[in-house]
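Asker: Here is how the chains run, residue by residue.
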Amino acid sequence: QKEVEQDPGPLSVPEGAIVSLNCTYSNSAFQYFMWYRQYSRKGPELLMYTYSSGNKEDGRFTAQVDKSSKYISLFIRDSQPSDSATYLCAMKKGGNEKLTFGTGTRLTIIP
Amino acid sequence: GAVVSQHPSRVICKSGTSVKIECRSLDFQATTMFWYRQFPKKSLMLMATSNEGSKATYEQGVEKDKFLINHASLTLSTLTVTSAHPEDSSFYICSARALAGYDEQYFGPGTRLTVT
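As you go down the protein sequences, you meet chains A and B in turn. Mind the numbering: the first sequence is residues 1 to 111 in our numbering, read in order. Mind the numbering: the second sequence is residues 1 to 116 in our numbering, read in order.
Everything labelled a hint here was simulated from the structure, so no lab data went into it. Check the hints yourself; a few may be wrong.
[Claimed, not checked] Simulated pairs of lysine-lysine, DSBU-like, Cα-Cα distance not exceeding 30 Å:
| no. | chain 1 | residue 1 | chain 2 | residue 2 |
| --- | --- | --- | --- | --- |
| 1 | A | K42 | B | K20 |
| 2 | A | K92 | B | K66 |
| 3 | A | K93 | B | K41 |
| 4 | A | K93 | B | K14 |
| 5 | A | K42 | B | K14 |
| 6 | B | K42 | A | K2 |
| 7 | A | K98 | A | K70 |
| 8 | B | K66 | A | K70 |
| 9 | A | K98 | B | K42 |
| 10 | B | K66 | A | K67 |
| 11 | A | K2 | B | K14 |
| 12 | B | K55 | A | K70 |
| 13 | B | K14 | A | K92 |
| 14 | B | K55 | A | K92 |
| 15 | A | K56 | B | K64 |
| 16 | A | K70 | B | K14 |
| 17 | A | K56 | B | K66 |
| 18 | B | K64 | A | K70 |
| 19 | A | K70 | A | K42 |
| 20 | B | K64 | A | K98 |
| 21 | B | K20 | A | K67 |
| 22 | A | K56 | B | K42 |
| 23 | A | K42 | B | K42 |
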């Protein structure tokens, strides 16, 4: 079993829709949770960074962490064509620098 | 914001040759740099962690004699793929972490290596 599971998609939604992206994980030691956006042939860009359980909002993006269910989500409101990219979840244990990534979900926003 | 560059952005080399990829932190000093490999539709796989002035720590299954990593300064790390083979063809991405205790990683744009 992989430590981090993420549906690779592809996921296509119309412009303006709410997008929900999710990851599950098996290691309860993970404390820090991140979402990265990666455009084609580019390096990942950090979108959201959360510690432990709870919600965090930044503009059109909301990250949720449910440690009891070992489940994290990223919501994108009012989706735009420019949001089309691969979204990777990542997580790490407290005090450990190593990031463990999901496979990434390829998202396309249809104008 | 923090910027990490990689050079070259893409390289094609022949089997048996070596190729060097540079990773630079442009506007901050990186105490730690990470090298990842990414296959199509696959996750980023951490290859090694390098700290300035010390030997890199390689992940299990990564051949240290094949993937030579040097972190000679606080702004530069290099990955050399020695005696490259077609199966080494991949997208290589570095990331850099600024100060000890500040744990955000900034990623470079990646280098596409094709071995013919």
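Asker: For every hint, state whether the structure bears it out.
Answerer: Hint check results:
A distance of roughly 19 Å separates the Cα atoms of A/K42 and B/K20; the hinted pair therefore holds under the 30 Å criterion. At most 30 Å may separate the alpha-carbon atoms for a hinted pair to count; A/K92 and B/K66 meet this at roughly 27 Å. The straight-line distance between the Cα atoms of A/K93 and B/K41 is roughly 25 Å, inside the 30 Å bound, and the hint therefore holds. As the CA atoms of A/K93 and B/K14 are separated by approximately 40 Å, the hinted pair breaks the 30 Å bound.
Restraint check: the Cα-Cα separation between A/K42 and B/K14 comes to about 24 Å, which is no more than 30 Å; the hinted pair holds. Restraint check: the Cα-Cα separation between B/K42 and A/K2 comes to about 12 Å, which is no more than 30 Å; the hinted pair holds. Between the alpha carbons of A/K98 and A/K70 the distance comes to roughly 19 Å, so the proposed pair stays at or under 30 Å and holds. Taking the CA atoms of B/K66 and A/K70, the gap is near 37 Å; set against the 30 Å cutoff, the hint is violated.
Taken as a hint, the A/K98 and B/K42 pair is honoured in the structure, with Cα atoms around 18 Å apart against an allowance of 30 Å. As the CA atoms of B/K66 and A/K67 are separated by approximately 39 Å, the hinted pair breaks the 30 Å bound. Restraint check: the Cα-Cα separation between A/K2 and B/K14 comes to about 34 Å, which exceeds 30 Å; the hinted pair is violated. With a CA separation close to 35 Å, the supplied pair B/K55 and A/K70 exceeds the 30 Å bound.
As the CA atoms of B/K14 and A/K92 are separated by approximately 37 Å, the hinted pair breaks the 30 Å bound. Our distance criterion of 30 Å between C-alpha atoms is met by B/K55 and A/K92, whose separation comes to about 23 Å. The hinted pair formed by A/K56 and B/K64 fails the criterion: a straight-line CA distance of about 39 Å is larger than 30 Å. In summary, the hint linking A/K70 to B/K14 is not supported, as the alpha carbons are separated by about 45 Å, beyond the 30 Å threshold.
With a C-alpha separation of about 42 Å, the suggested pair A/K56 and B/K66 falls outside the 30 Å cut-off, and the hint is violated. For the given pair, B/K64 sits about 34 Å from A/K70 by alpha-carbon distance, which is inconsistent with the 30 Å threshold. Pair hint A/K70 plus A/K42 holds up; C-alpha atoms about 29 Å apart against a cutoff of 30 Å. Distance restraint check for B/K64 and A/K98: the Cα-Cα separation of roughly 18 Å lies within the 30 Å cut-off, and the hinted pair is therefore satisfied.
For a cut-off of 30 Å, the pair hint linking B/K20 to A/K67 is broken: about 41 Å separates their Cα positions. Restraint check for A/K56 and B/K42: the C-alpha separation of about 27 Å stays at or below 30 Å, so the hint holds. For the suggested pair A/K42 and B/K42, the alpha carbons sit about 14 Å apart, so the restraint of at most 30 Å is met.
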